[in-house]
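K.L.:
Read off the chains here:
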Amino acid sequence: MRPHRFLTATACAAALTVLPLAPARAQQGNLRERLEARGLPAELVDGVAAAAAEAEARGLPTDPLADRALEGWAKRVPTARILSVVRQFVGRMGEARETLRTTGLSAPAGDLVAAAAEAMSRGMNAAQVADVVRAAPASPSAAPSLRVATALSAQGMEMDQAVSVVAEAMHNRRGVEQILDLPSMMRAMQARGMTPPEIGNQLRLGGGPGGPGSVLRPGAGPGARRPGPLGTGPGAGRPPNQRPPRVTPGTL
Amino acid sequence: MSRHGFTPDEQRYLDGGPHGDVSGAGRAAADALVRAAEAYRDSIPDVGARLDAAVLGAVRARPRRARRPWRWAVDGRVRPLWIPLAAAAAAAVVWLGVPRVPAPSSSPVAAVRVADTVFVQFRLAAPAARTAAVAGSFNGWDPESVPMVRDADGAWVVTLPLPLGEHRYQFVVDGTVWRPDPTAPAQVDDGYGGTNSVIVVGPKGLVRT
Chain H
1 MRPHRFLTAT ACAAALTVLP LAPARAQQGN LRERLEARGL PAELVDGVAA AAAEAEARGL
61 PTDPLADRAL EGWAKRVPTA RILSVVRQFV GRMGEARETL RTTGLSAPAG DLVAAAAEAM
121 SRGMNAAQVA DVVRAAPASP SAAPSLRVAT ALSAQGMEMD QAVSVVAEAM HNRRGVEQIL
181 DLPSMMRAMQ ARGMTPPEIG NQLRLGGGPG GPGSVLRPGA GPGARRPGPL GTGPGAGRPP
241 NQRPPRVTPG TL
Chain R
1 MSRHGFTPDE QRYLDGGPHG DVSGAGRAAA DALVRAAEAY RDSIPDVGAR LDAAVLGAVR
61 ARPRRARRPW RWAVDGRVRP LWIPLAAAAA AAVVWLGVPR VPAPSSSPVA AVRVADTVFV
121 QFRLAAPAAR TAAVAGSFNG WDPESVPMVR DADGAWVVTL PLPLGEHRYQ FVVDGTVWRP
181 DPTAPAQVDD GYGGTNSVIV VGPKGLVRT
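Which chain is which? The protein sequence lines are H and R, in order.
The first sequence maps to residues 1 to 252 in the working numbering.
The second sequence maps to residues 1 to 209 in the working numbering.
What the hints contain is simulated information worked out from the structure, not anything from laboratory work.
Below, in silico cross-link-like pairs of lysine to aspartate or glutamate (EDC-like), each with a Cα-Cα straight-line distance of 16 Å or less: (1) H:LYS75 x R:GLU144; (2) H:LYS75 x R:ASP189; (3) H:LYS75 x R:ASP174; (4) H:LYS75 x R:ASP142.
Some chain H residues flagged as far from chain R (calculated, every beta-carbon gap over 10 Å): (5) ALA127; (6) ALA135; (7) GLY206.
Built from N, CA and C at the ideal position, the CB exists for glycine as well.
Looking at chain H on its own, in the form it has when it is part of the complex (with noise of 0.2 Å):
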């Protein structure tokens, strides 16, 4: 090869290596921004952008470590502990994406692998994640979905039957937003004295606090109204008739 077409060859492959790590070191750069931002230390700071600059290398999203750093160090908890959370939801989130491989999804999109990740950590397992992803019916529904059955096992349902009522759900061709009212439906059967078997039975049928097709029906309750915009007061976008939700209080 003569030395000119050698030189060629040599700077158009370092210039595809460079080209694809610019937006890397721009994410690298605002996670260190937001987190020097909030004044962690300079160890820390490091600590995180390490394990960022890892999980960039391994396709994974970054976001949700710079969120564990900064929750961590607002609660006052030691550098070494932050960065050890930190370092295996990483791990975790490798998993995840493998999980996700399963279902065909080759590049699953950053948020899905928090999702699949955080789901994970709360005690789905990877077969289960695999059926909620599959029964998605496009890729940006499936992360709210996770997250509605990792919340509807929070509230008591086993995960076996959260699973089965989102994935039921997506089945019939509900939409985002009415598997994203499953969990205050939940809350609702539950004040009035039912077992999450019971809810989760009665979602499954469709049901909502009403009785069997109350709610979930397609094309009514929630969802058929969107929220409207910021601005018009409490209880904009909702139903008419219908109370300003509110998280009740709390008790020290």
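Since the structure of chain H is already known, use the hints to place chain R on it.
P.N.:
Okay, now just chain R, sitting in the frame of chain H:
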């Protein structure tokens, strides 16, 4: 007579051109002159090769001028080597030089940018508290950016526009004490030895119980 002492015919004879009647004396003088000129030429040493070598040596020995970087723009020739390097440099400038998207704000207005939002009221009964705030995944866990205020009943309250989806949070009492919301629909391990409260905001908001 010419100015050199030759007649025109003698001059033409010397030049090798057609000539007229040249006298014998004139012819002899011209021939003698030619022979003298040839003898003089032969007496001069041959400096051509040495002169060429000396000139080239001097040229090669002089310091080389740096190539002007803008030469490519003048003569229109670009070496292929520079094309990918220029592309890489341009990419680096674009990616590193453009204003970066600001990090998610730690203020509660972060949710304002999301179209699908629902107002959620957080309430905390903590009569002995001097201050109270709510911090969570929606505000980067900033314990100061969402302060709560006492309402007429003495409870601490704040109403936030939250995007649809799952949110984790805790109350922060007196600036340092982190407490989950015991009335939240779900509680999860926060990974740091504590418990986060979880809400999933749907289009209908949250069910009040």
